[in-house]
Structures are given as C-alpha cells and as structure tokens.
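Enquirer: In case you want the letters, here they are:
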Amino acid sequence: MAQAVFTANEAREWSAPRWRPRRSTVLAFAMLAPSLLFLALFTYWPVVQVLWQSFHGQIRVGGPQAYVGFDNFLKLFADPAFRKALANNLVYALGTVIPSLVLALGFAMALARSSRVNALFRALFFLPVLIPLVAAASIFLFLFLPNVGLLDYHLAKLAISGPNWLGDPDIALWSIMALTIWKNAGYYMLFFLAGLQAVPADAYEAAILDGAGPWQRLRYVTLPYLKPTIGFVLVIGLLNVVTQVDHVFVLTKGGPSDSTNLLLFYVYQQAVENYDAGRAAAGTLVMLALLLVVTASSLRTLERSFGEKDA
Amino acid sequence: MTTTRRSLLAGAAFATSFALSPAFAQAPTEIELFFPVPVDGQLARDMAALIKEFNTAHPAIKATPVYTGSYDETLIKTRAAMKAGKPPAAVIMSANFLLDLKIEGEIQSMDALIKADGKSNDQFMGQFFDALHGNAVLDRQVYGVPFHNSTPLLYVNTDHLKEAGLDPDKLPANWEELVTTAKKLTKREGDRVTRWGMMMPSNYDYGGWILQALTHSNGGQWFNVDYGGEVYYDTPSMLGALTFWSDLVSRHKVHPAGVQAGGAVSSAFLSGQASMMLLSTGSLTHIRNNAKFPYKVAFVPKNVKNEVPIGGASLVIPAGVEGERRKAAWTLINWMTAPEKSGWWSRATGYFAPNKAAYDLPEMKEFLAKNPDAGIAVSQLAFAKPWFATYKTVPVRKAIEDELAAVLSAKKTPKEALVAAQKQADEIMRPYVEQTALKLPTN
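Chains as they are written, first to last, in this note's numbering: chain C, 1 to 311; chain L, 1 to 443.
Read the hints as simulated data drawn from the structure, not as lab findings.
All of these numbers come straight from a predicted model, not from anything done at the bench.
Ideal placement from N, C-alpha and C gives every residue a C-beta, glycine not left out.
Mixed in with the good hints there might be a few duds.
[Said to hold, decoys possible] Simulated restraints, written as ranges between beta carbons of each label pair:
#1 Asn371/L <-> Trp182/C: 39 to 47 Å
#2 Trp182/C <-> Ala44/L: 52 to 60 Å
#3 Lys415/L <-> Leu299/C: 46 to 54 Å
#4 Trp45/C <-> Lys423/L: 34 to 42 Å
[As the list claims (entries may be wrong)] If we take Cβ atoms under 8 Å as the criterion, some of the chain C residues that face chain L in the derived model are:
#5 Arg20
#6 Pro21
#7 His56
#8 Leu101
#9 Leu145
#10 Asn164
#11 Asp168
#12 Pro169
#13 Lys253
#14 Gly255
#15 Ser257
#16 Glu273
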C-alpha cells in the first residue's frame, strides 16, 4: 500500500514540469497540422479578411481601401434594400422551415414501417435531395414559365390562367419558397425516420391502453420523443435558409423589385454589382452574427431537451 | 529487356521532338483569354476552334481560351484574377462595363499599342461602325475593341398577321401601328389570354436595355454619354416610354403583366403564344433555327425617331498586363476583330460583325442574301447609339429596373416610379459626382 502511494507521488513529481509538451500532444498536433494549416488558410484567414474589410472602403472613387470605421454598417442598415432582404429572409425562413418540418414529419410517420412500398415512397420523397439546387432551380424555371410552362399548361386545360409565378412581386417569393419546401422536406424526413425508430413501442402500447386517440398519441408520445430531432432539423433548416441562394440566382436574381432578395444574395450584389466590398463584408458579418445567435439558441434548446429525456 | 527497348524508343522520340520543335529554342508567350458565352453551349466549342487556328498561325504565342460563364461572371472572374495578381491578357467584356472598369483603373488604354502600329485612334476605330465608338473610346482613349454587338429588334410571326387579315409585308413602324396590330393579334377565351400580341423582356439587364430602346425611340437620351454621373430618368421622353409599356399591359391588355424573362419571351414567341416581341439581334440565329413558322424582323417601332442602343461585348486588356504578354494580347485582339474572323463569328451567333469590312467579304454577302433578316439588323446600326454606361452601371440600372417591375405589376404609376428611380440613381452616383462635377475650387 505504502509502496503504491510512494510510486504515485514519485510519478507526480516526475511529470511536474507540465509546460513541456507531452509526446502524444506533439504527435497529435503534427497529425493535425495539415488540416489546421488548410483550416487557417481557407477558413480563419478569410474570416480575418472579412473583418478587416468591413471597416474599410473606398473614400476616393477608384482609390485604395481606407479605414472608414463603422461607416459600412451604418450605410448597410440605412439601405432599404438590405432591410427588405432581411424581412424577406424572415418570411422565407418561417415559410419554408415550418412547412418542410410538418411535411417531413408527416412523410416519416406515414412511411415509418418498413415495407417494399414504403421503401419506394421514401426513395421518391428523397429524390429532390439528390438533385443539386441549381439543377432543381433550372427545372422549376420551366415549371414556372408563363404560358408555356408545365404549371400554366395544366392550368390552361382547366381554363385558368396562372399568375406570373416569378415575375409578380407579390408571388415570386412564394414560388421560390415552394421550390425550397419541395427540395428540403425529403431530407428532413430522413432525420425523422431515424428519430421515430427511437420511440419505444411500449410507449405507444401504454398510450393505446389508456385510450389515447391518434392525435393524443402524436401530441403526448411521438412529439416529446422527437424533440431532439426537431431541434436538430430546425438548426439545419435555418442554416439552409441563410446559406442557400442558388435558386434565387437562377430564377429571379432577387427581383422583381427586390421581392425575392435574400441576405446572402444581397451580399453578392454589394460585392459584385456595387463594387462595395466594405458593405458586402459588413453584411456578411451581420448575417454570421444572426446565424450564430440562431444556432446557439437552438443548440441550447436541443441540449435541454436531451436532458429532459434523461431525467 | 522489353523495358529497355521501350525506354530507348521513348528517349529517341523525346530527342526528335526536341530537334523538331522550334518552340523549344524560344518558349512561346502564354496568354489567357477570358470569354463569356451569352448564347449557347456550341459557341464555347467555336471559340476553342478559333483560338486553335490563331495558335497555329502564331507559333510564338500560345493563347488559351478560358470559358468564364455569363457577362457578369466574366467580370467577377476577371476581378478575382486581378486581385490574385494574375490578370488574363485579354477579356471579352460586356461593352457597358468598360466605363466602370476605367474609372476603377482596372483596364488599360490601348493608345500606345495603336500608335506603335503606326495608326491614329481615329484610323483604328474607323474600321468599326460609328455606333460602337461610344462604349469603347472613353475620354478620347481607346479602352476596348468591339468584338460582337447587337441592337434590339422587332420580331413578328407573319402567320399570325395573315390569320388576323393583316398584310404580312407591312410590319408596325411606329407605336400607333404597334398598338393596333397587337390588339388584333391578341387572342382571348373569356378573360383568359391565349395569345399575346406583344412581349418585351423586363428581367434585370434586359429590361433596362429594352426601356432604353423605347426611350431613344421617343427622342430621349437616358444618360449623359460624355459624363458618367448623370442619368435622365425623370424626363418627359422617359415618362412617355415607360407609360407606353405600362399602357400595353394595363390599358390595351396586349402584353402580359409582371416581369418577363428574356428566355420566357423567346419561348412564348417560338411556341406561338406571342405574336410579336422585342429581342436582341443576338437571338436571331436561335429564332431562325427554332421557329417552325415564317417570321420577319423590323426596326424597333418609333414614336419620335428611329434610334436604339447597342449591346454586346468588346475585347479589353486588364491593367497590369505588360511587355510580351501585352503585345501578344494585342496580336490576338487584332486577329479576332479582323473582317474575316469577325464575319465568321457573326454568322455563327447572330450578333453583327463590328468590323465594317466584314460585310464586303463574299461569304458574308452570300449569307445576307440567304438571310435578309440579318441584313435588317445591320441596317438599324445607322440609327444606333451607345449603350447605357455610368459610374456603377449595374446598380444605377437596377434602380430603374426595380421601378419598371413595379410599374408592370401595377404597383406604381410611371411618374412615381421615375421620380423614385432618379432619386436612387443620383444617390448611387453621388460619390463620383462629388469628386468630379461638383468638386470646385474652394478658395
């Protein structure tokens, strides 16, 4: 016993100079070095550049970049197009994430039991996920084409003339939202399918014995068990809403009259069309800040719901 | 044993290739050409064939064509390459971006190169149609060499004219005739329109150009050709043009409401759901190859006078291209814009050839005899003016295009829209104006 205590003490003494990197640490960093290098080059360095750029801008037309303080941010918030993009993004977020979530849950519950027919339907609903967003947007360009497009073609058979799907400022954003829901619902379904496997069968049995109807089972059994999944899908969905604008680029370029302009597309416009790298960088930072807040709060809810289930 | 023999053979081949290749003594100057393809995929292959021919004819230069997407994407990629310190030696750039690029110091004047060839700027530009000078010569210096150009054109489905009892040889020449014809050509089933008399594209980029054509046809100017800080949005000529377009939609009901993309307009025309349209001459080959009915083209109908803006692209040399690379780029640019190649590209695309001499070549005369519609596009050039270009061209154009969309969707009256567009455009151009026209001696 004493021997053991002694050796333990000796060992502690021996490892006392903590500052000296342990061999395993050195090895770990050596192995991480290539990834770290690329991460630094392609992630952290650009972040630093964006930060720098957001406080710089052209003072003289055609001149070099100079320090302008918070000027870029002030101009950003004063720009009605930016506020419009922010508002559009909010509508777009609510109008795509919630319906896709509900649809995905519906699909998943309908197709939860494994059978050949269900496997086929799962594949069908998942299909849009496999198509790149740019390609999907190009397909929808034909669907939405006025007069000759697929939608108007079939509406014409019913003697209805469809609206100008992408050319009417009141409708264009909804058309784009429809495409987004079609594209994402299948993807979220996958997470719900996995989540549903984790709901124990005896919980349902108990609920049925207690005389719970289908709605009550959904409300008091399925949904509580799915809470972590919902939280996770919510985060993914919100990230998609901010980071994916390929379809806006292909279908409307933010028009008509900025009615489909989203934050990321606005940033693109500032950088490319307006040559205003400073305002684009400021817009990027505001967008990133929003994303961080959304993600952090969602993840906290997620953790809390995990905790609840354990308790 | 076999390996030895194979390596011996390879070594021999290697040695002969050294001996035969004259380029080995002096490495060829390598240059890159960034080019957009605004029309379709086949053209990217045509460009590769063109550059291959150039390289064979010029062993001292090795040019590589780099496909860079649309006009806008080409601008982005050129800027990115310049920031990385590796500007391409030559770029085919949308003609209305040149002023912006010059203001930002991103392209270089070609005056020294022209002088070295023993020509004056006027002599050099004299080989191109006059209408193209405004977008290429800035402050009396040559910044671009016109490569392919276009104007808006009226396309008419003549079967529809006959069906409506109209003379298929008499196309609308003024706004009055355009409206009466469009009314006769529009077909309705109850409230539903099954065929539109007239369609014009109004998406970003295209809409501004078409509105400029209507403004010029109405006697207007749109912008100050000599100074990049002024646009004339809130003017009577523009009010007339915008009201005319809005009337076609809401008063005469011969044109669909809301924004119409260029592709949607040409599809509607090709499928017989639109009888007339204003579209670029650059679409001529596409329409010719796909129309299953007889069609005719005519000048853009006028209200006050026949006048349209040009469109298209010019070859530019980015700032920072020096020495041998600059000379090589200049050789390439002159080769590509010479009559023979200019004419060949024109026949492949539908754009007209900027080089006047291209139309004196026998193959071009034969082509025009076979396709008289291409000839009409060229004759409209006599009435063409420079394309709209100011400081920050794209946002200044977007200012009016957003308002145009609002008017076509009946959200604003033309007057309200023009006042708003003028205000926004002035706001965008203010930094430039303050540092140029309003920069006055203070003491």
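Enquirer: Which hint numbers doesn't this structure obey?
Expert: 2, 5, 6, 7, 8
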